[in-house]
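Chains as they are written, first to last, in my numbering: chain X, 716 to 981; chain R, 716 to 981; chain E, 88 to 335; chain D, 88 to 335.
Calculated directly from the structure, the hints in this document are not laboratory data.
Note that the Cβ used here is the ideal one computed from N, Cα and C, for glycine as well.
Any given hint could be a false lead.
[Said to hold, decoys possible] Where chain R lies over chain X, by a calculated footprint (3+ residues, C-beta under 8 Å):
#: 1; segment: 834-842
#: 2; segment: 851-861
#: 3; segment: 864-878
[Claimed, not checked] Which residues of chain X face chain E? A few of them, derived with a C-beta cut under 8 Å, are:
#: 4; residue: Met716
#: 5; residue: Ala830
#: 6; residue: Ser831
#: 7; residue: Asn888
#: 8; residue: Leu903
#: 9; residue: Val927
#: 10; residue: Pro929
#: 11; residue: Trp931
Letter by letter, the chains look like this.
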Amino acid sequence: MAELVGLAEGIATLVRDGDVVALEGFTHLIPVRAGQEIIRQGRRNLTLVRMTPDIIYDQLIGAGCARALVFSWGGNPGVGSLHRFRDAVSNGWPVPLEVEEHSHAGMANRYVAGASGLPFAVLRGYAGTDLFRHTANLATVTCPFTGEVLTAVPALRPDVTIIHAQRADRAGNVQMWGLTGVQKEAVLAADRSLVTVEEIVDALEPRPDAVVLPGWTVSAVAEVPGGARPSYAQGYYDRDNEAYRAWDAISRDRDTFTAWLEALAA
Amino acid sequence: MAELVGLAEGIATLVRDGDVVALEGFTHLIPVRAGQEIIRQGRRNLTLVRMTPDIIYDQLIGAGCARALVFSWGGNPGVGSLHRFRDAVSNGWPVPLEVEEHSHAGMANRYVAGASGLPFAVLRGYAGTDLFRHTANLATVTCPFTGEVLTAVPALRPDVTIIHAQRADRAGNVQMWGLTGVQKEAVLAADRSLVTVEEIVDALEPRPDAVVLPGWTVSAVAEVPGGARPSYAQGYYDRDNEAYRAWDAISRDRDTFTAWLEALAA
Amino acid sequence: MTWTAEEMMTVTAARALTGHTSCFVGIGLPSTAANLARRLHAPNLVLIYESGAIGAKPTRLPLSIGDGELALTADAVVSVPEVFNYWLQPGRIDVGFLSAAQLDRFANLNTTVIGDYRDPTVRLPGAGGAPEIAASCREVFLMLRHTRRAFVEKVDFITSVGFGDGPGSRERLGLRGRGPVLVVTDIGVLQPDPDTRELTLTSLHPGADLAAARAATGWDLAVAADLTETPPPTGEELDLLRALVKGA
Amino acid sequence: MTWTAEEMMTVTAARALTGHTSCFVGIGLPSTAANLARRLHAPNLVLIYESGAIGAKPTRLPLSIGDGELALTADAVVSVPEVFNYWLQPGRIDVGFLSAAQLDRFANLNTTVIGDYRDPTVRLPGAGGAPEIAASCREVFLMLRHTRRAFVEKVDFITSVGFGDGPGSRERLGLRGRGPVLVVTDIGVLQPDPDTRELTLTSLHPGADLAAARAATGWDLAVAADLTETPPPTGEELDLLRALVKGA
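Construct the complete structure from the given sequences, taking the supplied hints into account.
Now the structure itself:
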């Protein structure tokens with residue numbers, strides 16, 4: 716059963732140096748506060764996994780938490796590039812960053828395979844692209860019935876997956892709604908999981924477009940109001956576009972970024 | 716876009732002799748009335764597909780509509796055997812019935828592959844069973860990353876899938892809720908589809924545990940109140956157990972069944 | 088106090104379900120046993136029905152796995168493909184309940200045909216969820232009547248694998264669950280021998296005798312050195328069970 | 088009446104969307120064009136966002152594909168794996184919109200890196216949904232600025248396949264969609280030659296001239312014999328577009 720914990724305690728017990736860590740949330744319900752707690756606790760040599768690394772991953776990379784990034788689209792949505800990500804890839808600052816990149820379809824299916832207890836997934840994807848030349852984790856598989864050749868991607872099984880949801884009850888049952896992306900698969904694929912929520916309630920009343928993760932499938936739940944800011948939490952708050960634009964200025968320059976990082980630690 | 720039709724018209728235009736026809740509904744929302752309309756219109760040589768053939772398939776088989784059955788569990792739930800199915804398998808009455816059987820996991824994944832535009836699906840299943848000796852449509856596939864050998868099942872792509880749902884709007888958008896089984900996959904895997912609904916409404920208000928099939932994914936929608944009786948339609952009616960028990964007596968004997976069939980045609 | 092064989096079976100199975108166990112249940116005795124356990128000593132038992140109800144808490148016994156009561160009381164309602172792919176296949180579920188028309192000494196199960204496959208004496212319902220439940224649940228509990236017709240030397244069709252042909256079979260087949268650990272019959276309880284994996288009679292229900300067990304088994308039945316008697320159903324167990332069945 | 092290059096591009100793309108077309112849209116110009124078309128001549132256009140909104144009808148332009156407005160106005164909200172597996176992959180979606188940092192004469196697209204992959208001059212966002220959108224949508228529309236830096240002889244990285252190295256490439260690769268059928272730039276419109284599959288300038292926007300188009304293209308630009316002028320934006324088109332953008 717999921718334990719109810721504080722955010723600091725949850726990160727301290729669940730995220731270890733060298734772990735493969737997935738923070739998911741497809742532009743909605745992004746676990747920003749949990750990611751910043753990883754920075755505060757100074758985790759190192761993480762393999763960070765995320766379909767859409769955006770500013771929270773730019774922060775983790777700039778803070779030197781990551782040795783590798785597995786992803787399918789990296790950018791500051793609606794604003795531009797991730798400067799810390801670029802600096803790490805191009806100049807190895809503050810530490811070199813290995814990159815393994817896929818398409819969204821490939822990443823989504825890698826989580827599906829992980830959640831399904833399968834070693835790989837099959838899809839129509841990547842055909843004819845240079846991803847096949849640069850991404851080691853790709854192969855082909857032949858349909859035993861038709862002889863057709865398809866693409867295979869290996870299962871993703873993070874050591875720990877972290878997501879943000881709207882609600883949990885005291886038994887640790889988690890409820891999220893709206894655009895819930897790949898979060899269910901990412902949690903079910905992981906060894907351990909932490910869910911930050913806007914609020915812990917006595918009972919989860921059923922509602923439209925809701926996904927529920929039973930408490931026994933989650934390691935820990937932490938109540939972190941505003942935990943997805945500056946991204947959205949449907950029913951709680953909208954996206955703070957200004958913060959995304961501001962990040963562009965902060966992250967462009969190593970010094971302004973370093974100042975931001977010190978302020979975060981303080 | 717889905718056309719709004721009468722049940723007779725829908726069956727007449729969408730179901731043809733020799734078709735591969737799937738009627739799905741996993742003990743809830745079983746399209747019974749649509750199946751009986753197929754009997755009334757005298758379709759022949761159908762390959763009937765269904766995870767859980769129960770009394771409606773016993774009726775279709777007894778009426779001589781089917782040349783083959785693709786399934787994973789055949790019985791009269793809570794009552795016993797399907798006598799018309801047994802009679803067809805053991806004695807070829809009224810016509811011989813070819814049988815292709817799978818496990819639930821295999822059938823579900825065959826629909827998933829069909830809905831996904833893939834030629835096959837991979838699962839951990841069937842290993843060590845005699846199904847491998849008797850079901851042609853099974854193979855193994857080797858994981859290109861781990862070398863592990865898994866089971867492959869070919870995609871199911873029915874010519875037509877028929878399901879029953881609670882509601883549709885006038886644009887043919889379909890809404891079903893509760894236990895919705897494999898119906899979404901079965902419709903998305905098919906060339907054509909017919910959805911019978913309890914009622915056609917002006918607007919589908921969102922509700923918990925609802926699955927919506929947009930009208931452009933469905934060929935036709937027919938308003939058929941009580942279309943799932945004697946099975947359940949959550950929010951409308953419960954299962955009529957007496958009818959399931961009564962079917963046991965009717966179907967045991969060819970004469971009583973034939974009398975039932977004549978009454979249905981009348 | 089008296090009780091039926093079915094009540095003895097149900098109570099015995101219910102006792103084996105404890106704690107936060109997650110349990111893949113079909114309809115019939117397994118569902119009754121699991122719901123009885125929830126009302127007795129295992130209120131946190133997680134009931135999973137293949138129709139898509141995860142964590143169902145039915146207030147009465149469901150009439151079928153399509154019973155709306157399961158969806159209305161579940162923690163989560165999911166599609167049938169998801170039940171098998173995300174929940175059963177990865178080995179998330181602790182206990183799976185199965186029954187069969189035939190089983191052999193290695194607890195291999197037949198629910199497909201009696202006789203020849205192409206020309207069967209009796210055509211049975213088929214596999215359903217059983218092959219993957221037997222493969223992927225951490226443990227499997229079996230409930231069936233103890234008769235010579237059911238307990239056979241060799242099953243006519245292997246629908247679901249127990250221990251195959253003995254030690255090492257499950258590993259060779261890549262079956263990741265532990266397999267059948269408990270067989271509850273109307274005569275007693277059988278468990279696999281840790282070394283040979285052969286089903287061994289470990290307990291007799293009150294009033295049952297060893298001769299009857301041997302007579303009802305189509306092979307030379309192994310009997311545990313420390314053969315015990317199953318504790319009889321308590322008044323509380325019977326009262327709750329009967330209320331449950333009556334309420335259905 | 089005057090308009091910006093971006094307005095001309097958006098209006099031109101919007102005009103190409105008609106009827107009940109289903110359309111896989113990202114954020115930015117494609118989303119603006121699709122939402123403009125819904126307000127003009129294609130009220131039944133089905134907008135599909137990769138974040139899981141099927142049939143979204145936003146009352147304003149979404150700020151990102153995670154905008155709650157998309158979920159709240161959609162016919163169906165599904166998971167991201169489902170969007171790609173059940174909706175995009177089978178070829179259910181009529182039109183997919185893409186852009187790129189580089190494209191070549193066969194409309195192969197690069198959104199990954201400028202320069203060497205291991206030591207890039209510019210690290211771009213990467214593939215996202217593009218490779219499978221380019222592979223599986225029935226048709227692909229491209230929108231990008233017409234510059235020599237973008238229209239190159241050879242892309243530095245093939246992120247998404249247009250027509251590969253010419254006729255037959257898509258078939259050999261098993262790509263089932265028709266590929267890019269329309270490229271809308273700030274100078275004009277390009278379409279693949281039916282035989283050679285090479286992008287051919289078929290229309291120039293008002294005020295643009297052929298010399299500028301050639302100068303902005305990194306290869307010897309093919310020009311249609313019947314090169315036309317794109318009809319200028321109407322007052323209605325511009326009013327609706329400006330209201331839409333202002334409302335965001």
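Hints versus structure:
Residues of the segment 834-842 of chain X lying with their CB closer than 8 Å to a CB of chain R number 6, which satisfies the three-residue condition for coverage. Here the segment 851-861 of chain X counts 8 residues with a CB under 8 Å from a CB of chain R, which clears the bar of 3, and the coverage holds. By the rule of at least three residues with a Cβ nearer than 8 Å to a Cβ of chain R, the coverage given for the segment 864-878 of chain X holds, with 3 such residues. Contact between Met716 of chain X and chain E, as hinted, is supported at the beta carbon level, the nearest pair being about 6 Å apart and thus within 8 Å.
The restraint placing Ala830 of chain X at the interface with chain E holds, with a minimum CB-CB distance near 5 Å, inside the 8 Å limit. The closest approach between the C-beta of Ser831 of chain X and any C-beta of chain E is roughly 4 Å, which is under the 8 Å cut-off, so the hint is satisfied. The beta carbon of Asn888 of chain X is positioned within 8 Å of a beta carbon in chain E (closest approach about 6 Å), and the interface hint is therefore held. Because the closest C-beta pair between Leu903 of chain X and chain E is about 6 Å apart, less than 8 Å, the hint holds.
Taken as an interface hint, Val927 of chain X checks out: its beta carbon lies about 4 Å from the nearest beta carbon of chain E, inside 8 Å. The criterion of a C-beta within 8 Å of any C-beta in chain E is met by Pro929 of chain X, whose closest approach is roughly 5 Å, and the hint holds. Because the beta carbon of Trp931 of chain X sits about 6 Å from the nearest beta carbon in chain E, less than 8 Å, this interface hint is met.
Comparing the model with each numbered hint stated earlier shows that all of them hold.
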